[in-house]
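Listed below are the residues making up each chain.
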Amino acid sequence: MNRYAVAAIYKFEMARTKRTIFQSIISPVISTSLYFVVFGSAIGSRITEIGGVSYGAFIVPGLIMLSLLTQSISNASFGIYFPKFTGTIYELLSAPVSSFEVLLGYVGAAATKSTLLALIILATAHFFVPLEIAHPFWMLFFLVMTAITFSLFGFIIGIWADNFEKLQVIPLIIITPLVFLGGTFYSVSMLPPFWQTVTQFNPVFYLISGFRWSFYEVADVSLITSLCVMGGFLALCLLAVTWIFKSGYQIRK
Amino acid sequence: MQPMIQITDVNKVYASGFQALNNINLSIKPAEIFALLGPNGAGKTTLISAICGIVDATSGQITVDGKDIVSDYRHTRKLIGLVPQELTTDAFETVWTTVSFSRGLFGKKPDPAFIEKTLKSLSLWNKKDSRLIELSGGMKRRVMIAKALSHEPAILFLDEPTAGVDVELRKDMWQLVRQLRDDGVTIILTTHYIEEAEEIADRIGVIKNGQLILVEDKITLMNQLGTKQLILDLKEPLTEIPANIADFNLQLKNDGLQLIYSYDTTEEHTGISVLLQHLSVAGIAFKDIKTDQSSLEDIFVSLVRETT
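For the record, the sequence lines run as chains F and G.
Using the numbering used here, the letters of the first sequence map in sequence onto residues 47 to 299.
Using the numbering used here, the letters of the second sequence map in sequence onto residues 675 to 982.
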């Protein structure tokens with residue numbers, strides 16, 4: 047294991063967060079806080095409880111997931127796309143590092159950044175809504191595993207993208223709608239039967255459900271189902287990354 | 675002596691069907707400066723990229739320090755430093771950060787003292803905290819070299835190292851390259867500046883259309899392929915070459931005021947003294963005499979033309 051290389055990539059990526067603290071941390075914290083104010087405090091005070099949880103508290107796990115998913119994808123995709131864009135990827139390709147070590151550096155840094163952001167948002171939420179965490183271990187487990195899985199997904203997007211538009215298109219066109227339609231602001235049981243069936247095909251729905259269960263023991267599907275879907279998506283991402291490194295897709299000529 | 679780099683029957687065909695390398699065979703000796711010359715698109719960068727692992731060879735084998743670059747990539751890549759042709763830098767990083775990053779990436783423990791020494795040797799120390807975006811092209815080129823040297827490589831690839839840099843920096847770089855060679859580093863450089871190869875290379879390789887058409891010791895090459903000329907500025911113009919010297923390889927130029935004799939430097943007798951005697955007998959007086967030797971550039975152009 048080339049641990050110095052892993053550390054170099056990890057530190058290099060983490061340093062970018064320091065340089066872009068407004069974009070990486072402050073901006074997502076402020077925008078999520080606005081959701082807490084608007085949906086939690088203002089509108090939420092006029093909505094009845096869902097599953098015995100106040101509306102303001104109910105939406106917190108979903109909103110954390112929204113930031114976690116988008117930031118994991120954005121951090122990891124940008125991290126690997128930027129060297130491709132500037133041409134500095136030559137250094138990575140000619141270095142004595144294995145694919146696993148490259149992945150560990152980039153995905154590790156992206157997952158760390160988004161997990162820290164999620165924890166900051168969680169702490170911020172305390173200022174706006176009453177919060178309790180029934181299962182802290184499972185909460186952290188979901189947080190970390192989701193960060194890793196979607197950082198891997200972001201890494202794949204960064205490899206696939208050959209321009210900045212492609213880099214943005216999946217988080218904006220696919221991930222954000224999936225989170226909004228995945229039960230962030232409502233329980234799936236509140237939807238008409240047709241839309242309940244459609245929601246079953248949204249993988250993010252299972253993540254939000256499992257994550258919310260770790261807070262309030264309220265879920266739309268069982269914990270096992272949520273874990274299986276998350277594990278399945280992680281496995282898919284790992285398979286895709288393995289193929290990318292083996293084939294050299296969009297990396298090696 | 676085991677070659678530092680051994681390239682055997684290497685071919686590279688890109689997905690488009692373009693054959694960039696055609697059956698390349700080459701040995702690079704330890705601690706030599708090898709200059710790879712060739713016109714644009716000849717395959718120089720592809721060959722370097724194949725050795726460094728950036729491009730996969732379609733067939734053939736490359737070994738570095740006796741180890742295969744594919745199966746033993748960790749060993750071989752640690753030995754190699756690469757300065758690419760393009761000025762590809764992380765614009766928002768500082769000089770210190772980007773050079774330290776390169777050292778770590780190549781598996782070396784952090785060593786601030788060594789980074790400091792490297793930056794000082796490249797006159798970059800006072801720029802260590804500057805962001806790369808703030809540096810001039812020449813300074814960025816130095817940073818690229820510092821990055822390549824940051825992990826103390828035994829082999830250094832310089833792909834067009836002095837493209838777009840001023841004369842002073844070019845001479846500094848030549849000095850650095852010689853110093854590295856004296857320290858035991860094997861250096862492979864590609865260049866468009868033939869005088870660069872003439873100035874610093876020990877051996878020359880010429881590549882064209884993906885084929886290595888010549889590999890030779892620089893001095894031998896210049897002796898073998900170079901022609902030398904004796905140029906005589908005449909007092910009176912000649913209308914034609916007199917019969918008693920017609921057998922010499924002579925040309926009349928400048929309206930008959932210049933007589934040029936081309937001769938082979940490798941021959942035991944150049945024929946100069948005999949020619950001068952014949953000129954005296956024929957009553958041809960001259961006011962000046964000088965010699966000229968073909969440069970590596972002349973040799974390169976003639977080689978590339980010959981194989982067209």
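Just so you know, the hints here were simulated from the structure itself, not pulled from any lab data.
It is possible that part of the hints are untrue.
Here are the simulated BS3-like cross-link-like pairs (lysine-lysine), alpha carbons at most 30 Å apart as the crow flies [stated by the list, open to error]:
| hint | chain 1 | residue 1 | chain 2 | residue 2 |
| --- | --- | --- | --- | --- |
| 1 | G | 741 | G | 794 |
| 2 | F | 57 | G | 961 |
| 3 | F | 57 | G | 902 |
| 4 | G | 961 | F | 64 |
| 5 | G | 902 | F | 130 |
| 6 | G | 902 | G | 892 |
| 7 | G | 801 | F | 292 |
| 8 | G | 783 | F | 130 |
| 9 | F | 292 | G | 791 |
| 10 | F | 64 | G | 892 |
| 11 | G | 882 | F | 64 |
| 12 | G | 961 | F | 130 |
| 13 | G | 783 | F | 57 |
| 14 | G | 814 | G | 902 |
| 15 | F | 130 | G | 892 |
| 16 | G | 909 | G | 892 |
| 17 | F | 64 | G | 703 |
| 18 | G | 741 | F | 292 |
| 19 | F | 64 | G | 814 |
Note that this is a predicted model, so its numbers are computed, not measured.
Now the hints, each set against the structure:
1. G:741 to G:794: violated, 33 Å
2. F:57 to G:961: It is violated: about 73 Å lies between the C-alpha atoms, which goes past 30 Å.
3. F:57 to G:902: Measuring from Cα to Cα gives roughly 59 Å; hence the hint is violated.
4. G:961 to F:64: Judged against 30 Å, a Cα distance of about 75 Å means the pair is violated.
5. G:902 to F:130: Violated, because 50 Å separates the two Cα atoms, which is more than 30 Å.
6. G:902 to G:892: holds, 16 Å
7. G:801 to F:292: violated, 40 Å
8. G:783 to F:130: holds, 26 Å
9. F:292 to G:791: Given pair residue 292 of chain F, residue 791 of chain G is violated - Cα atoms ~39 Å apart, limit 30 Å.
10. F:64 to G:892: Roughly 52 Å between the alpha carbons, so the hint for residue 64 of chain F and residue 892 of chain G is violated.
11. G:882 to F:64: Roughly 48 Å separates the two Cα atoms, so the pair is violated.
12. G:961 to F:130: violated, 64 Å
13. G:783 to F:57: holds, 14 Å
14. G:814 to G:902: Not satisfied, since the Cα-Cα distance of roughly 41 Å exceeds 30 Å.
15. F:130 to G:892: Judged against 30 Å, a Cα distance of about 38 Å means the pair is violated.
16. G:909 to G:892: violated, 38 Å
17. F:64 to G:703: violated, 46 Å
18. G:741 to F:292: holds, 21 Å
19. F:64 to G:814: holds, 24 Å
Checked against the numbered hints given earlier, the structure breaks hints 1, 2, 3, 4, 5, 7, 9, 10, 11, 12, 14, 15, 16 and 17 and satisfies all the rest.
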